[in-house]
Every structure is written in structure tokens, then in C-alpha cells.
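Go ahead and model the full structure; you've got the sequences and the hints to work with.
Those protein sequences? They're chains P and G, same order as listed.
Residue numbering for the first sequence follows the working numbering, starting at 2 and increasing by one per position.
Residue numbering for the second sequence follows the working numbering, starting at 3 and increasing by one per position.
I should point out that these hints are in silico values taken from the structure, not numbers from a laboratory.
Heads up, some of the hints might be wrong.
List of simulated lysine to aspartate or glutamate pairs, EDC-like, C-alpha gap at most 20 Å [to be verified]:
hint : chain 1 : residue 1 : chain 2 : residue 2
1    : G       : K61       : P       : E187
2    : G       : K61       : P       : E127
3    : G       : K303      : G       : D278
4    : G       : K303      : G       : D14
5    : G       : K260      : G       : D214
6    : G       : K61       : G       : D14
Okay, the calculated bits of chain P under chain G, using three or more residues with CB under 8 Å as the criterion [unchecked claim]:
hint : stretch
7    : 38-52
8    : 202-214
A quick note: this is a predicted structure, and the numbers were derived from the prediction, not measured.
Yeah, the Cβ is synthetic: ideal placement off N, Cα and C, and Gly gets one too.
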Amino acid sequence: MAVLDATLDTGLIAVPAAEPATSRTRRRAGTLFWIALAWIGLVVVAAAVANLLPIPSPTDIDMLGRRAGPSGEHWLGTDGLGRDEFSRLLFGARISLGVGVLAPIIGLAFGGTLGMLAGYFRGRFETLVAGGVDVVLAFPPLVLAMAVTAYLGQSIPNLILVLGFLGIPAFTRVARAATLSLTPREFVTAARAIGASHARILLRELLPNVALPLMAFFLLGVAVTIVVEGALSFLGLGVPPPAPSWGIMIGEGRESLDVAPMLAFLPAIAMFLTVLAFNLIGDTLRALTDPRPGAL
Amino acid sequence: MSLLSLEGLTVDLPTPRGNLRAVDGVDLALAAGQTLGIVGESGCGKTMLSRAILQLLPKRARVGGRVMFEGQDISKLRPDALRRLRGPALAVVFQDPMTSLNPVLTIGTQLVETLQAHLAVDGREAVRRGVELLAAVGIPAPEQRMGQYPHQLSGGMRQRVAIAIALSCEPRLLIADEPTTALDVTVQAQILDLLARETRRRHMAMILITHDLGVVAGRTDEVAVMYAGRIVERAPTRALFHGPRMPYTEALLAAIPKLDSAPHTRLPTIEGRPPDPTRRMPGCAFAPRCRYAEGDCVVGKPGLGPVDAGHEFACWHPR
Numbered sequence: 002m003a004v005l006d007a008t009l010d011t012g013l014i015a016v017p018a019a020e021p022a023t024s025r026t027r028r029r030a031g032t033l034f035w036i037a038l039a040w041i042g043l044v045v046v047a048a049a050v051a052n053l054l055p056i057p058s059p060t061d062i063d064m065l066g067r068r069a070g071p072s073g074e075h076w077l078g079t080d081g082l083g084r085d086e087f088s089r090l091l092f093g094a095r096i097s098l099g100v101g102v103l104a105p106i107i108g109l110a111f112g113g114t115l116g117m118l119a120g121y122f123r124g125r126f127e128t129l130v131a132g133g134v135d136v137v138l139a140f141p142p143l144v145l146a147m148a149v150t151a152y153l154g155q156s157i158p159n160l161i162l163v164l165g166f167l168g169i170p171a172f173t174r175v176a177r178a179a180t181l182s183l184t185p186r187e188f189v190t191a192a193r194a195i196g197a198s199h200a201r202i203l204l205r206e207l208l209p210n211v212a213l214p215l216m217a218f219f220l221l222g223v224a225v226t227i228v229v230e231g232a233l234s235f236l237g238l239g240v241p242p243p244a245p246s247w248g249i250m251i252g253e254g255r256e257s258l259d260v261a262p263m264l265a266f267l268p269a270i271a272m273f274l275t276v277l278a279f280n281l282i283g284d285t286l287r288a289l290t291d292p293r294p295g296a297l
Numbered sequence: 003m004s005l006l007s008l009e010g011l012t013v014d015l016p017t018p019r020g021n022l023r024a025v026d027g028v029d030l031a032l033a034a035g036q037t038l039g040i041v042g043e044s045g046c047g048k049t050m051l052s053r054a055i056l057q058l059l060p061k062r063a064r065v066g067g068r069v070m071f072e073g074q075d076i077s078k079l080r081p082d083a084l085r086r087l088r089g090p091a092l093a094v095v096f097q098d099p100m101t102s103l104n105p106v107l108t109i110g111t112q113l114v115e116t117l118q119a120h121l122a123v124d125g126r127e128a129v130r131r132g133v134e135l136l137a138a139v140g141i142p143a144p145e146q147r148m149g150q151y152p153h154q155l156s157g158g159m160r161q162r163v164a165i166a167i168a169l170s171c172e173p174r175l176l177i178a179d180e181p182t183t184a185l186d187v188t189v190q191a192q193i194l195d196l197l198a199r200e201t202r203r204r205h206m207a208m209i210l211i212t213h214d215l216g217v218v219a220g221r222t223d224e225v226a227v228m229y230a231g232r233i234v235e236r237a238p239t240r241a242l243f244h245g246p247r248m249p250y251t252e253a254l255l256a257a258i259p260k261l262d263s264a265p266h267t268r269l270p271t272i273e274g275r276p277p278d279p280t281r282r283m284p285g286c287a288f289a290p291r292c293r294y295a296e297g298d299c300v301v302g303k304p305g306l307g308p309v310d311a312g313h314e315f316a317c318w319h320p321r
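If you want it as C-alpha cells, here you go:
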């Protein structure tokens with residue numbers, strides 16, 4: 002009895018506190034998400050500290066030890082020119098990830114801005130933007146890449162510029178579509194009615210809403226860009242040799258698929274896992290960060 | 003001087019079927035601190051009228067006449083001058099609190115940013131005032147609510163938040179556009195009482211737009227009845243309910259279900275439908291549905307004429 006009284010005194014009479022902010026059904030990230038995040042983290046860290054690691058140079062040619070199997074010296078063996086495969090994978094990650102992240106940032110910045118402005122202000126500006134987007138989309142990307150490398154030279158910054166430019170139309174469309182569907186909503190009218198300026202409405206009312214689909218699309222863009230960079234490098238239009246990128250490695254490995262298939266498969270697996278991880282993270286982050294229940 | 007006066011206000015919307023005259027020559031005056039109810043059925047132009055006062059009409063709309071607010075024609079104002087007027091002078095509460103709040107920003111963010119945009123207050127002061135406002139509109143545990151998103155609140159709570167945001171800049175005129183239509187009946191009265199209380203306390207004028215006569219009864223000083231874009235009767239609330247002169251008002255009042263009528267009594271309705279707003283009619287727009295209509299009703303439009311003590315109506319054959 003005494004025990005019961007005590008609990009009554011302390012606990013049960015207490016006024017129920019207001020529901021905390023987290024009372025909504027907690028959406029949790031699955032195990033796959035954490036594996037994907039761990040993989041990306043591993044790749045990023047390995048790429049970042051690649052030159053500090055005690056591994057052979059990715060560009061030292063050893064014509065006597067070509068296509069060697071894994072050994073204590075070369076953990077994953079050597080490629081067709083006797084260069085250390087593991088080291089090339091790590092340094093390749095640097096370029097593939099760098100290009101893969103930087104190019105979509107260009108697309109996100111320019112495309113997102115253009116798309117939001119077009120969707121919000123409509124009128125002649127929208128027509129102009131939509132027309133420009135169609136022109137860029139209609140232009141064959143490979144021809145553009147070839148033209149740029151022919152005139153401006155083959156370099157990583159040029160590659161990022163080309164891929165970034167090619168990404169602008171897609172980001173423009175996503176941003177414009179989202180803005181178009183949001184602008185007639187009452188909360189935008191309400192913001193105008195309370196005296197918000199165009200800049201305020203765009204940045205504070207619309208951007209947080211548009212950012213959700215844009216972020217998901219950005220991560221998808223990273224994945225796609227890594228693949229496209231690979232394809233361009235494979236064709237010899239991407240990163241200039243001897244710098245390693247996963248695409249170049251796959252291209253070079255193709256020549257010896259019959260004798261040393263691992264040379265093409267290892268970078269292909271790395272690319273596959275990374276792209277998959279980015280897609281998984283993108284999907285999960287969108288679901289997690291969206292404050293609206295069951296939205297999008 | 004009246005706070006707001008509309009002089010011959012017209013709103014035209016071009017549609018594929020022709021020009022739609024949504025508001026057809028409305029004259030209205032509202033003094034500071036007064037409450038005006040605008041009643042009318044769907045499509046009678048009451049929302050367009052409110053949007054015209056706020057200068058929030060769709061881009062393609064053409065506006066005629068003048069909207070005088072505190073002596074200046076706000077339809078002639080430059081966009082930045084208009085922006086400064088909105089909030090501290092004019093504010094609005096919309097019908098649907100589900101869509102009038104930004105779904106991805108917390109209540110606190112939306113409230114605090116509005117405060118900071120209009121009043122010279124720092125962040126902590128704005129938060130303090132935001133909590134105060136939430137408490138004033140009857141939201142329990144306002145500190146916790148500040149961190150919540152709109153979807154975590156019920157419809158009534160959301161409408162209270164929308165009212166708090168509208169009140170945040172101490173407007174001199176609040177336009178409530180069907181503020182209770184999207185809400186549960188039990189919550190409707192609370193929201194209306196809240197609006198009435200806040201208008202009294204802040205000496206704020208309010209235009210309460212509704213299709214429900216029960217909403218304006220007892221909560222407004224004056225009522226204007228709209229039909230087909232025109233004001234057909236305007237009177238002090240009590241006078242209107244006791245002695246409607248225009249047959250449309252009479253029919254509207256008759257259509258309110260009575261608690262004391264016998265079971266299975268047929269509910270009086272108004273036969274027919276409102277006229278097509280894209281077609282101009284030479285006579286009274288209500289004539290085709292009016293039981294008192296005579297030959298002259300379809301020939302000329304009756305003007306809004308005064309009878310007694312601020313009671314005006316537009317009818318050739320008043321009751």
C-alpha cells in the first residue's frame with residue numbers, strides 16, 4: 002500500500018506534459034542506409050588521405066610486373082602497365098567523386114535558381130528559360146564534351162564544367178516544376194498578404210519546399226555524373242591520362258578482359274557500389290528529412 | 003473618415019467563355035474598429051472582393067474603381083509601398099489552414115520571421131512575442147508548439163496559428179475569408195469568438211466573409227449581402243436579421259433551418275441557380291429566381307438606395 006501511495010504522489014498526479022515535438026511516428030533509417038553511408042564515408046576518407054597512405058604511386062609504371070596478381074607489395078595486383086591497382090582505385094575515387102559531386106553542384110546552383118525564378122515569375126522569363134533548357138537538352142552531350150576538350154583542352158576543371166553545364170536543364174526542370182506547383186498554394190498568397198517581398202517568398206517560403214526534391218535529385222545527379230564521367234573517360238574524352246579515374250580504369254581494363262578481368266571489374270564494382278550507395282542515401286534522406294507525413 | 007472605402011469597385015476576369023465580371027460596382031465603407039460581414043453564396047464574388055481589397059488578384063484580372071484605405075487609393079500604390087502596408091495595415095486569414103501555413107517550416111519560424119520582417123525586434127524579443135501571440139489565440143503550451151510543424155496541429159489549432167500570424171503586426175484591418183468553413187462545427191464558434199475578442203481588444207476593423215448567415219449574426223456590426231457580384235442589401239446586423247428588405251436576403255434567412263420547426267418540415271430553398279457571370283443582364287440579377295419579380299425587374303438594374311439608419315438595398319419591389 003505504501004508503495005502504491007508513493008507512486009501516486011509522485012508520478013500519477015503529474016499533469017501530462019504536452020506532446021513533445023517527436024511524437025510523430027519516428028521514421029527510421031534502415032540498415033541498408035547505414036551500410037551505404039559507411040561505404041561512402043570509407044570511399045571519401047580513403048580518397049582524401051590517399052597520398053598519405055603507404056601505398057605505391059598510382060602512376061609508377063613497372064613494365065616487368067604487368068598484370069601481376071595480388072601480393073604484399075601490390076594488394077590488388079597491377080594493371081596492364083604494371084601500376085598498382087589498389088592505389089589507382091583510391092586515387093581514382095578522388096577524381097570520380099570530385100567530379101561526381103562538383104558537377105552536380107554547378108547544375109544545382111544554376112539550374113535550381115533558374116528553375117525557381119522561372120516557376121515563380123512566369124511570363125517571358127519562363128518562356129526564355131524553358132526554351133534554353135530545351136536547346137541544351139537537344140544538344141548532343143558527347144559532341145559538347147568533344148568540342149570543349151578540343152578547344153579548351155582536356156582537364157578535370159573542363160570536365161566538371163561540361164558535366165555541370167549538361168546537368169543544368171534537369172535541375173531547372175525539377176526546380177521549376179516544384180515551384181509551379183507550390184506558388185499557387187495559399188501559404189504563398191498568405192505570405193504576400195502579410196507583406197513578404199519576392200525575395201523573401203522565394204528564399205523563405207519556396208526554397209525550403211523546393212529543396213527537398215532538389216536534394217534528392219542532387220544525390221541522383223552525383224550517381225549519374227560518376228557514371229557519365231566514367232563513360233567519357235572510357236571514351237578518352239574525360240580525365241586526361243595518366244591520372245586514374247574509375248572510368249579510365251574500366252576502359253584500360255577492357256583491353257585485357259580475357260587475361261585479367263579483375264582490372265575492369267574492380268573499378269566497375271567500386272563505381273557500382275558507390276552509385277548504389279548515393280541513390281540509397283538520397284532516397285532515405287528525402288524520406289527522413291521531409292517534415293510532411295507521406296509527402297512527395 | 004472611414005478606414006476603408008470601396009468606390010465603384012469592379013473586377014473582371016477574362017475566361018475562355020468571355021469576360022467574367024466577378025465584382026460589379028461595389029461601394030462600401032468601413033470605419034476603424036468596425037466589423038462588417040459579407041454574406042453570399044459560392045461564386046457571388048465575395049472572395050474576389052476580398053482579394054481586390056488586398057490587391058492579391060490573379061495577374062489577368064482587371065480592376066476598376068477605387069480601393070481607398072486611410073485616404074489613399076491602394077490600387078495605385080507601387081509594389082514596395084503596398085508591401086509595407088500589408089501586415090501592419092492589412093492582414094488576412096484564409097479559409098483553409100491546411101494550406102495557408104508553410105508545410106516545411108515550424109510554427110515558430112513562420113511567426114518569428116513575420117514579426118522580424120515588420121517590426122524592429124531582435125530574435126529573442128520576436129520569439130517572446132510569438133509565444134505571447136500563440137497564448138493570446140488560445141494555444142496551450144505555446145513554447146512547445148513553436149517548434150512544431152503545421153501537420154502536427156489540428157485544423158482548429160492551425161487556424162489559430164494563422165490568426166496569430168495575421169495579428170502579429172497589429173493590422174488595422176483584418177480580412178477573414180471564410181475562416182471557419184474548413185473547420186469542425188464545434189471549433190467554428192471558438193474561432194469566431196477569438197476573432198471577435200481580438201478585434202475588440204485591438205480596436206481592429208474586420209471584414210468577415212462567409213456563406214453562413216449564422217456566422218455573422220451577433221458578431222458583426224453590419225452585414226452586406228452579395229449576389230452576382232453586387233451588394234444587394236447592407237444594414238446593421240440586427241436590422242438585417244429583423245427586417246430584410248431585399249427578397250434575396252429574405253430567402254436566405256428563410257433557408258436557415260429552424261430548431262423549433264416540426265420534424266420533416268421541408269427546408270425552404272431558393273429555386274434556380276445564380277446567373278452566368280459571363281453574361282451581362284440588363285435587369286436585376288436575382289429576378290429569374292425572385293418570387294416577387296415583375297416586368298420592370300428584368301428591364302433595369304435597381305440601385306443601392308438608402309431607406310433608414312444605414313439600411314440600403316437594391317430592389318424595385320422591396321418587402
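Tested hints:
A C-alpha spacing of about 16 Å is found between K61 of chain G and E187 of chain P, which places the hinted pair at or below 20 Å, so the restraint holds. Taking the CA atoms of K61 of chain G and E127 of chain P, the gap is about 15 Å. The hint holds against a cut of 20 Å. About 16 Å separates the Cα atoms of K303 of chain G and D278 of chain G, which keeps this hinted pair within 20 Å; it holds. Simply put, K303 of chain G and D14 of chain G have alpha-carbon atoms about 19 Å apart, close enough for the 20 Å limit, and the pair holds.
For the given pair, K260 of chain G sits about 14 Å from D214 of chain G by alpha-carbon distance, which is consistent with the 20 Å threshold. The straight-line distance between the Cα atoms of K61 of chain G and D14 of chain G is roughly 11 Å, inside the 20 Å bound, and the hint therefore holds. Under the rule that three or more residues need a Cβ within less than 8 Å of chain G, the assignment of the stretch 38-52 of chain P is violated, with 0 such residues. Taking a C-beta to C-beta cut-off of 8 Å, the stretch 202-214 of chain P contributes 5 residues in contact with chain G, enough for the three needed, and the coverage statement holds.
In summary, the one numbered hint that this structure violates is 7.
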